[in-house]
Amino acid sequence: MKLFTGKALRWEWRDSVVELMLDREPANEIGLAMLEELEKFVAAVETFAPETSACIIYSERRLGFSAGADLRELYHGAAQLAEKERLCGVRAFLERIHAVFNAIDAVPFTTIAAVHGVCFGGGFELALTCDIIVADKLARFAFPELRLGLIPGFGGIPRLKRDLGNAFIRDLLLTGRSVNAARAQSVGLVAQLAAEGEALHIARATAAQIIKFDGVTRAAAKKFIKPIPHEEFRREIDLFCELFARPTVMAALKKFVESSDAMPYLP
Amino acid sequence: MRTLEQTTQEVLDLASKHFHVPAGSLAPEDDFFKKLGIDSLQTLEMLSRLENHFGIELPDYEVQGVSDFRTLASRIQSRL
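Quick note, the sequences are listed as chains A and B, same order. Reading the first sequence from the start, the letters are residues 1 to 267 in our numbering. Reading the second sequence from the start, the letters are residues 1 to 80 in our numbering.
Everything labelled a hint here was simulated from the structure, so no lab data went into it. Hints should not be assumed to be uniformly reliable.
Below are the BS3-like pairs computed for lysine-lysine, each with C-alpha atoms no more than 30 angstroms apart in a straight line [to be verified]:
#, chain 1, residue 1, chain 2, residue 2
1, A, 212, A, 40
2, A, 137, B, 35
3, B, 17, A, 137
4, A, 254, B, 34
5, A, 223, A, 2
6, A, 7, A, 254
7, A, 255, B, 35
8, A, 255, B, 34
From chain A, some residues computed to sit far from chain B (all C-beta separations above 10 angstroms) [said to hold, decoys possible]:
#, residue
9, 48
10, 95
11, 142
12, 239
None of these values were measured; they are calculated from a predicted model. In this text, a Cβ means the ideal position worked out from N, Cα and C, and glycines have one as well.
Construct the entire structure; sequences and hints are all you get.
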């Protein structure tokens, strides 16, 4: 299926490049709707992978690439369940997220995240599945999970460790602060900076370069330099679920969901 | 080296330009949420513009609880 339009995203394959557009109001929060359509994308990829050279993932939402997990859906879904069912549900969701993110991480063609605005939490983790991140100058990256008593649960820390130095990761994780695109580029997270609104344009120019090369060689090189840290992902899921069981997490989620704070996205 | 007054004026000018508020209508003691009509995500956009303009990094936890331009400018000034 080379063309798809869903409730949370759509994709279009053309001339060996597939563009995956995230488009769920207000800021591409990742909940069940987004997950289900990402799973459809991954299934469709298997059919057109052999004739694909590059994939660009970007957002149609003004606010940014993605603000992360759908915390409202998470809270309301979890609040209705008894503790044991709640934890089973959270683990099941994480397993599905990891399966789809790992699949995107390992596709045999080059993936480019074109990022603008907020790229937080689970949204940041989606961008990290990509081989190359292009960010416009107003993009911001953050792992705000500690504010909720959690750690990033979609594979973000193992992926960041794969790519970057531990000191920067500790700063992001332990302060919960966001960093701008220039800082992200200085540490090697962002490959190319774009002017405001130009990340997609730059990503397309990058894809045009990528498609010049032999697909078999590209796939082999990518597999060689980009291992999937499966064992760390397992430990991350276990730790996330262990932390989620603490009462402080549901209390923090409730506070976020019910907040009329002018700055709920600030640490 | 900029003075705090210069920094404050640059903050006001930048906010006015990018959030389409008439130049000169913003004052240092104004609440930027109310005057600019922005939410927290747009505040982060403003933070990025300020960081790019002044060539600094301003951790967003330093902006927590800040709502007026003058205090925001003082946070920036301490990183120049």
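Checked hints:
Distance check on the hinted pair: residue 212 of chain A and residue 40 of chain A sit about 28 angstroms apart at the alpha-carbon level, within 30 angstroms; holds. For the hint linking residue 137 of chain A to residue 35 of chain B, the alpha-carbon distance of about 25 angstroms falls within 30 angstroms, and the restraint holds. Distance check on the hinted pair: residue 17 of chain B and residue 137 of chain A sit about 17 angstroms apart at the alpha-carbon level, within 30 angstroms; holds. Distance hint between residue 254 of chain A and residue 34 of chain B is fulfilled; the C-alpha atoms sit about 26 angstroms from each other, no more than 30 angstroms.
Restraint check for residue 223 of chain A and residue 2 of chain A: satisfied, since their Cα atoms lie roughly 24 angstroms apart, inside the 30 angstroms limit. A threshold of 30 angstroms between alpha carbons decides the hint, and for residue 7 of chain A with residue 254 of chain A the separation of about 26 angstroms falls inside it, so the pair holds. The straight-line distance between the Cα atoms of residue 255 of chain A and residue 35 of chain B is roughly 26 angstroms, inside the 30 angstroms bound, and the hint therefore holds. For a cut-off of 30 angstroms, the pair hint linking residue 255 of chain A to residue 34 of chain B stands: about 23 angstroms separates their Cα positions.
No Cβ of chain B comes within 10 angstroms of the Cβ of residue 48 of chain A; the nearest lies about 35 angstroms off, and the non-interface call holds. For residue 95 of chain A, the condition that its CB be more than 10 angstroms from all CB atoms of chain B holds, with the nearest at approximately 30 angstroms. Separation of residue 142 of chain A from chain B is inadequate, the least Cβ-Cβ distance of about 8 angstroms not exceeding the 10 angstroms criterion. Consistency note on residue 239 of chain A: stated as away from chain B, and its beta-carbon is indeed over 10 angstroms from all of that chain's, at 24 angstroms minimum.
The structure shown violates just one earlier hint, number 11.
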